[in-house]
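Chemist: As a plain string of letters, each chain reads:
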Amino acid sequence: MSLALSCLRRRLSKSPNTIIARSSIRHNHDSSASSNTSLPAHAEWRSIFNPAKASVRDRVSLANPHTARLVAESFLTGDSITAGSGKVVIEAFPGPGALSRALLELDSSRIRKLIILEDNEQYLEITLQPLEALDPRVKIIPMTGYAWEAYTYLEDEGFLDEVETVPWENGVHPQLHFITHIPHTIIGEQIVAQLFRNIPERTWLFKYGRVPMSFVLGQWIWDRVAAPPGTSNARCKVSVVAEATARTEYSLPPHNLLPYDDHFHPRTRGAQVNRPESRRLGHPLVAANVVPYERQIISPGHLDQWDYCLRRLFVRKSTPLKNAITTLGPGAESLLKTLTDQSLPPEQRVDIATQIRKLNVSDWALIIRAFDYWPFAPDVRLLCLLD
Amino acid sequence: MEEGENNVRPNANTFANMLLLWLRVEKQETGPIAEMTLVPKPLSLLRRIVDYDIPVTLVVSDKAFVKSEDAAEVIKALSRAAVDANLPNLSKVIMELGTAEALGCQLEEEPDVPEAMPVTKTKPKVKHAVDGSVSDVEVTDAPEGVTEIPFNLFTLRKHLSEVILARRVLSGDNLARQKLLEASVYDVAVERLKHQVQTLEGLGLGNKGLEHADLRAWMWNWHQKLQVRLKWEVADLVSQEEKHDDRTKERLAPFLSLIKPENLSLITILELMHLHGSGGISEGMKTARALLSVGRAVEIEYKAQMCKMNNISIPSKGTHNDLSFFSNLGYRDLHARRVAARKFMEDSEEWTSEWSQTIRVRVGSFLVDALMDVATVTRTAVDRRTGEKVSEEQPAFYHAYEYIRGHKLGIIKLNPVVSDRMAKESLREALHPRHLPMLVQPKRWISYNDGGYLYNKAPVMRYKDSQEQLTYLKEASNLGNLELFYAALDVLGSTPWKINREIFDVVLQVWNSGERLGKIPPTVLEDPEPEKPENYDSDPKARAVYIARQKAHLEAKANNHSNRCSTNYKIEIARTFLHDTFYLPHTVDFRGRAYPLPPHLNQVGDDLSRGLMKFADGKPLTERGLRWLKIHLANLYGYDKGTFDERVHFVEEHLGDIYDSAENPLEGRGWWKNADDPWQCLSCCMELRAALESPDPAMFISSLPVHQDGTCNGLQHYAALGGDDRGAQQVNLGVTDRPSDVYTHVATMVEEQMRRDIETGTNEKWAHLLSGKITRKVVKQTVMTTVYGVTYIGAREQIEKRLMEQGELVVEDAWQAAAYLAKKVLACIGDLFTGAKGIQLWLNTSARLITKSIPPDRIVAASSGTAKEKAKTLRKEQMTSVIWTTPLGLPIVQPYRAIKRKQVQTALQSVFISDPNSPASVNSVKQASAFPPNFIHSLDATHMMMTALECQSRGIMFASVHDSYWTHACDIDEMSTIIRDTFIALHSSDILGKLDAEFRLRYKGYKVPLSSLSKDLQSKIMAYASSARPDQRQLEVSSINSADEMEDSDEDVYGMDPDMVTKFVNLVDILPPLPEKGHFDVNTIKKSLYFFS
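The listed protein sequences derive, respectively, from chains X and P.
Counting with the numbering used here, you get residues 1 to 387 for the letters of the first sequence.
Counting with the numbering used here, you get residues 388 to 1480 for the letters of the second sequence.
These are computed hints drawn from the structure, not numbers from a lab.
Built from N, CA and C at the ideal position, the CB exists for glycine as well.
Mixed in with the good hints there might be a few duds.
What the hints assert, rightly or not - To be clear about the criterion: a stretch of chain X counts as covered by chain P if any three or more of its residues have a C-beta under 8 Å from a C-beta of chain P, and this derived list gives those stretches:
{"id": "1", "region": "306 to 317"}
{"id": "2", "region": "325 to 334"}
{"id": "3", "region": "367 to 380"}
Sequences and hints are given; from them, build the entire structure.
Modeler: Encoded structure:
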């Protein structure tokens, strides 16, 4: 399942091992570092955090402290679906730390501990480590939130010892909360897909229970995650998996984060013709909350089947199911019989004239069930890998 | 009487007597010719026999024949007549005659009959080796326990194998056999499939239904359904197209009506089976490619039939050897002969015009669509809910889309059961004769599209749809510039080969055992599936590692499958040609490098293919030959760095191992298995042993090809071009007593660098991991390909492959380790080949400038409109590709252009095909980066061809794999001299000077817009202009049409001065001067021992 991730990880030249080695040095950090917890003014950021660097440019971060406070509140307070108190928050991709500061400035009962994952040395030295020095609730781990190793490391080093495992049916996890900016790149898109895919398998942080997540991410990615059946071209594999696994909603009305330049770093300047629009600077961002459902439609061990069927069928997303189904394997037409079996109650049947992108989650569940029962189904575990 | 005048119907006896009469007359060779004409010839008799519908078997077995020799001769005469006359049911007649012949000559069977039919002899072994399950019975021709010899005889008589059977009938006449082979492919294939199915039914195996059927039964079943379907679909299409005359679309029906539905059906089935696994698609193929191939196969079949119908004569073998090709007289003679032959052909050329790509795709789509609709297989599996066994009829081929490197790609896949069988069962049916070697010397090349196979047309160059290349090629051919080139290809095609029987037997034994050996892949991959870690579900990291391993495992499995299939083809072909001398027609790629046309079994292929082949003729070994045979053996084993004496010594030390290998290849110690090229090594062991065991080794008749390989041939050409002393030493152009080895040198350098890394602690992990593991093999390919412009990406992949082969790395480390190492290797090579760099730079810069230029007559067209528009048109007008002529007169046009594709809607999907006729701008980057390697390849191809011609004129056998030249052991000394002489001749001809002059002539008047030169290039040119040849370097900048150019200058569109848009310079003025030549004298190589070795 994290194949794409492991492929992409190769591109990152830094080996996680070396980072861990360095982290031990960082723990006894330099006390002579600036003890100033307030960030430089937004206008100065461009000169301090050079957006020519890929690590800055590809990771748009909240910069306006006022906005950051609004976002932090929308994640943890009021009638937010992810609200709570006494939380252990893991924050990934904090950037210079405007959101981290806003989180710490909330009523102190809200957050018991803030674990920050960041591997950009500039952010670490200039803005994050001073924070750690001042607030005992802060723990900085100089690793990227993108590597799975970071989370195993947290566990192995005991940072999550106080977190209880809460049975899935006992409600949203009361303590643990994952907050992140999503990078403005294809990697960001993959991280989002991966996070949702961990839910039904109860892997990653979800082994502790229904851990809520909060994102600051590009509008385009969000549209794909939240696209309802058929209404737009954004409906895709991620939308179906998200729909099946979690409740998702804006934490703030999107206009609060517009216009882009008032709220984020780096600000737009000049044309960036070589990037798709959705990954350019200036593409609007939104804030959103995510809570895993208690009842998971994707049963454990079946993710590969879902993956395979979704992937294959979405290649032909504008084609009616009855025509597209052959793409699942030779003889897959025979699944149509199962899906339209008149002896079944109507809610267990699928209208096979529906276009792929218009199918809803229950349709999908029926398709995957039929596929799973099909004796000639290709070995999806293998096929997913080879694709 | 046989004319039926007397109302008496002639019978078999009538004809038998007529034939006997003819035979008598024929034998009295002294008789007057007039007498002969009175007696009907076998041809006219055969016509009547067929007309009267009398079985030929009855005629030849008639009691009129008393002596069996007479009958045998009559059979031969009739067969020859049948082939010559193009009888409508040719193959049937031949089959019958063959059956009769086999029956008639029972006692004259070759002593090794059982071996002639190894299918029956060996297939039961397959059963032993696999799991003994009954499911494998259908693979065999004979169930176990049936006495073998009688059964084999039976099959031999009945077996409708074109080659084997036709050999028996037409044994004296290979030309007729080759004609039969090419002309009636599909008829024969149909007969054989039918026969196969009937045989199986006869054995009680056929009625199990498709579920247990074997591949051939399936194919037969599909063919039955498809031909019926096609019959009415084509008829329907004809009437549809007549009713709705749509002028916008070319009619399809005329193309589909050219060939019988039976043949259309079989063409489609065979092509799809054959494309299985092509284009990097496991268990399938790209749709576009499949449709095109089927369309093209129909076209080829149509033309072959026309060829046959018009009975185009095959120019007979000339007496080539009398004159040297290099004399004027000889050359004129060649040209005259070719012109005569071509004139003869021209009348019948009308139908040979090419079909358009669109037509091919539409024809292909029509057929493939129909096939996919009717072809089914039955699959069985267990329903895991009910535990019941269920069967389902599924399509044999299905259509799907896959994302390949981010591109959505339509593919046609084979049902897994079908694809599975492909790796196990006999595939002979899927082979078209244009995939097979020839039984006679290939037809001489007489024009760009005429030569090689008798009826199957193939162009002499694979020019990838480049219309431009085709035009140049035709022109050069018409001017008579390609005589030497054609003659050289004829030399390569005329080399007679045979199958190395001893190796074949061993290979067959290994293949049937299903185990891995040499390059023979095992039936089941021996590496176990990686184990699923316990924390797979909870730990994403462990999961990632597992998945990486699983993925590598699956890739290995898929590769193994496709290896299995391709080895299967090789063995199948070798089996078919066991008793024949065969020939490999050659064509060239667009740089002039020669390749054999038959793709599966040829000398360019892998170690196994080479091991299976031998020269058909032998020559006495001689003392020197014996020495070379030993050196050759050492080279094959991998001991190729020592001096010749050391290599001979190496072999003499291992004589025990060599004898053991030769005598007990599989049961013995298996020394040969550790060789670099195990199968060739084994073949050589056997040859050496046989020679040493013979009473007089010097007189031993040896037919094993012995190789002479250039050491880093690309660099050799660079060093000679540049007169580069240091480079020449590195690649053995200089005189040394030891061969120098660049690869070891680089490997040592890399190790040294890594030691430094360990000391300084940079990249410690990888340096530690790889230290001590860098052999010369790891770096060899990368070093070799640097001269051909390998990129970092390519180098990393090569190195990863080598490292994995050594098996000392885990999958998840491989990528990064290889990345680290690739950087190191490239850095080490960097300052090693400085001499080559200068020439590469010159070639590259020249190419870049040429591709930026515009011919004079297009300049005006490109200079109207606003500055922005002009800049845009200018880009489109940059259509000049790099063109040069090899010393043998072959024009070469680099084909790299912006790809323009045309969409064709088909029933399956819309297919994008390239449209060769629409002009497109050149791909400047590709043109420039590919030019140096292409140019060097055109040189090594020239060197090879010169050597081939010279060998031929001195009566030496010659074969080649690019820069590896082969001949008989006894002729190595002479060939070595030839190789050196031709190399010196080639490089004494001021190659670069001529290239420069050619450019200046060809591109005279071409203009380069200043705007399209990068700053970097501009400054380079200025530097050249100011330094070299100041007299000629008056850089003249002309401005065209400058009246209305300034109105749109507010924006710098492409980051350039708008003023530049209309400024041009002459291309020839800015071509860089040639790099200075060094002092190395190419004549030195005469004394170099290891130049080619």
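Chemist: For a quick check of understanding: which of the numbered hints are violated here, in increasing order?
Modeler: none
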